[in-house]
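S.K.: Chains as they are written, first to last, in numbering that gives the first Met the number 0: chain A, 0 to 277; chain B, 0 to 429.
Mixed in with the good hints, there may be bad ones.
Partial list, derived from the structure: chain B residues whose beta carbon lies under 10 angstroms from chain A [said to hold, decoys possible]:
no.: 1; residue: E42
no.: 2; residue: G368
no.: 3; residue: P369
no.: 4; residue: Q374
no.: 5; residue: L378
no.: 6; residue: E379
no.: 7; residue: V383
no.: 8; residue: A388
no.: 9; residue: S394
no.: 10; residue: D398
What the hints contain is simulated information worked out from the structure, not anything from laboratory work.
For glycine and all other residues, C-beta sits at the position ideal for the given N, C-alpha and C.
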Amino acid sequence: MNTLPLNTAPASELRIEGLRASVAGNVILNGIDLVVRSGEVHAVMGPNGSGKSTLSHVIAGRPGYEVLGGTVTLDGVDLLSLPAWERSRAGLFLAMQYPTEVPGVSLEEVLYESLTAAGRPRDEVRERMVAEAGRIGFDERFLSRPLNVDLSGGEKKRNETLQLGVLQPKIAILDELDSGLDVDALRDVSRRIEQATGETGLGVLAITHYSRLLHELRPDFVHVLVKGRLVAEGGPELAVELEQTGYAQYIADDAANTVASAGSGLGRLDDPFADHLA
Amino acid sequence: MIPLSTMNPDRAAALGGPDWLQQRRVAAAERAAASSLPSTDEEVWRYSRIADLDLSRFSFGAIDAAAGVPEGLQALLDAVPDRAGLVVVRDGRIVHSELEPRWAAKGVVLGDLSAAEGAEGILGSVAGEATDLFGQLNDAFSADPVLVRVPPGVTVEGPMVVAHWTETPSIAVLPRLVVQAGADAEVRVLDIQASPDGVEVLVVPFVELDAGSAARLHYCNLQVLGDRTWQIASQSSTVAAQATLRSFTGAFGGEYARLRTDCRLAGQGSTGDLYAAYFGTGDQTLDFRTFQDHAAADTTSTLLFKGAVDDRSRSVYTGLIQVRPNARGTNAFQTNRNVKLSPDAWAESVPNLQIENNDVHCSHASTVGPIDEDQRFYLESRGVPPEVAERLIVSGFFDDVLAGVSVPFAESIMRDLLDVALGRAPQVAG
């Protein structure tokens, strides 16, 4: 376990229970139970199409997903009943796998409006941005660029991490944080997130295909997601094991399982938002 | 034949001025009397609301314009300090004219066109003979044509402002503005068309822009007409060798507001940049027709028109790039993008190319669509409420085109007007 929060903020808890969700009529998540507390780093690992990105999108409230059952709460607040922006206000942050380019809109405007909407102090947003940029080696000249426009994959992920640093969420979901990142950037970004677990008690749910990320961002718990279910859980050693053996064992187990429970009505399990390049 | 009512040669003649101008007006009024309203069967009027226009509802010819600078223009004029000169045209009549002495001393002209040296040859020198009823009506009934003239080699610092205000109910006002930039001259003109809400008027502004060789002519049209104003506007330009025209139109008002833009790249190596930002709200229709005419070698035209339509408003864009047989080495670009902010809003976009030379580089693009869902979710996932996210995205959508405003202070006015349209700030004008 990482250092427990040093500040006086009460510990937070993201609680996912029995979460089931579909996209375009296809069931992707089939009963997820997971609790992330302040200061903890959880990794959810799984092969392509297992539902990793769907899990992050459903929690963050991206349109296009249908929740079939279950609950997601943050400190008792029912996130699933809130629009996306109110989930952020409740303390959730999503670092996207492919951060969207928004022409003509600056990072400073977005952070200012976010803090304003949350009724939080927004003085010195610029100074905080500059300070955060310094901590993760994000070139200051990118701060005045339109959001994510003409940024490389690595710069976009540093930009996501900078926002996390300024907004100081209770819980962050990192969707394939390592995609598009070189080794140096991966280290900078991971270090900042680990610091946040200590400084502000950030709880982290890191979703990743490869264990590469987990060499830098050391998890306390590792969960294996296969076909919309968490099929195994362990400590950091589970990530090491997966690096050597891959997911084949779990996929085979699950296939047997599916045969045994044939007729359960599951549809296709492809995640249309999965990273096909991963 | 159109109903005569007040559109008769006698009333055209009664507008006064020098003999040549009176004769020109009478001849044009006679031609207008023999003309017909165009119809939507003509390609350039397709999708327009021309069939809804009843000219007999409007009074043409002399009226007694109120004196002085109208209060309704004051906020806009205050937003453009450090002017090189100002002309105010109220109900078609020049009511105020000033030019900084240092520019007058250099031979710069700003004001009544009919009083200028060589006036007789100026009207129509760019636009040519009127090609439709509205051109004829402008020739016949333009009460006080305005001239901006910068002699060769002179660079005028600070904007020259020509501000039009039309307020008397049921009148037709037909402003004419000619801008002449001599060889290697530079000028920046802000042309404002404004009227109060709730007053039914017709404005038919014709603008002629003449960029002499190696001149830099910057022209910005700001259209903030009232919600019951009809506008049928025309902007013609001719760009001589190595000269640059930069034209920007900001269109925000009017019940039906149409602008036809004709840019003729007449001299080798000339450049024409045509930009527009428009925002439709309520039930208004904004209608744009553009013609990029490459008539010489090594010419470049860049057109970027971007608009938003909200509520039940409509926008029309049709454009044509024409490359003449001798215009080798042409670079021509035409882009029209529209964002629909309401399910009841409507936008039509029809780009066209007509190319008669093989050695050219041309492209055109057009889009009509709602706000990008991924952009909206991205901002919302950062904690930005939906209405704020929409405002930021739409405001950002206009960012690149607003960068094309080259007349001082006009960009910040445009941004304020966009904020008004996006429901963020109080009204600036009208």
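S.K.: Any CB of chain A closer than 10 angstroms to the CB of B/L378?
M.R.: Nearest chain A Cβ about 6 angstroms off; hint holds.
S.K.: Holds or violated: the hint that B/E379 contacts chain A, with Cβ atoms closer than 10 angstroms.
M.R.: holds, 4 angstroms
S.K.: Holds or violated: B/D398 as interface residue toward chain A, Cβ cutoff 10 angstroms?
M.R.: holds, 3 angstroms
S.K.: Would the stated hint for B/S394 survive a check requiring a Cβ distance to chain A of less than 10 angstroms?
M.R.: holds, 7 angstroms
S.K.: Is the shortest C-beta separation between B/E42 and chain A less than 10 angstroms?
M.R.: Hint violated; B/E42 Cβ to chain A Cβ min 33 angstroms, cut 10 angstroms.
S.K.: So, as I understand it, the hint says B/V383 touches chain A; can you test that by seeing if any CB pair is closer than 10 angstroms?
M.R.: Since chain A brings a Cβ to about 5 angstroms from B/V383, closer than 10 angstroms, the hint holds.
S.K.: If you take the shortest Cβ to Cβ gap from B/G368 to chain A, is it below 10 angstroms?
M.R.: It is violated, given that the least Cβ distance between B/G368 and chain A is near 14 angstroms, above 10 angstroms.
S.K.: Quick one, is the B/A388 hint okay against chain A at 10 angstroms, beta carbons?
M.R.: At 8 angstroms from the nearest chain A Cβ, B/A388 passes the 10 angstroms test, so the hint holds.
S.K.: Given B/Q374 as an interface hint, is its Cβ closer than 10 angstroms to any Cβ of chain A?
M.R.: Cβ of B/Q374 sits 5 angstroms from chain A, so the hint holds.
S.K.: Take the shortest C-beta to C-beta distance between B/P369 and chain A; is it under 10 angstroms?
M.R.: violated, 13 angstroms
This entry does not satisfy hints 1, 2 and 3, going by the numbered hints stated previously.
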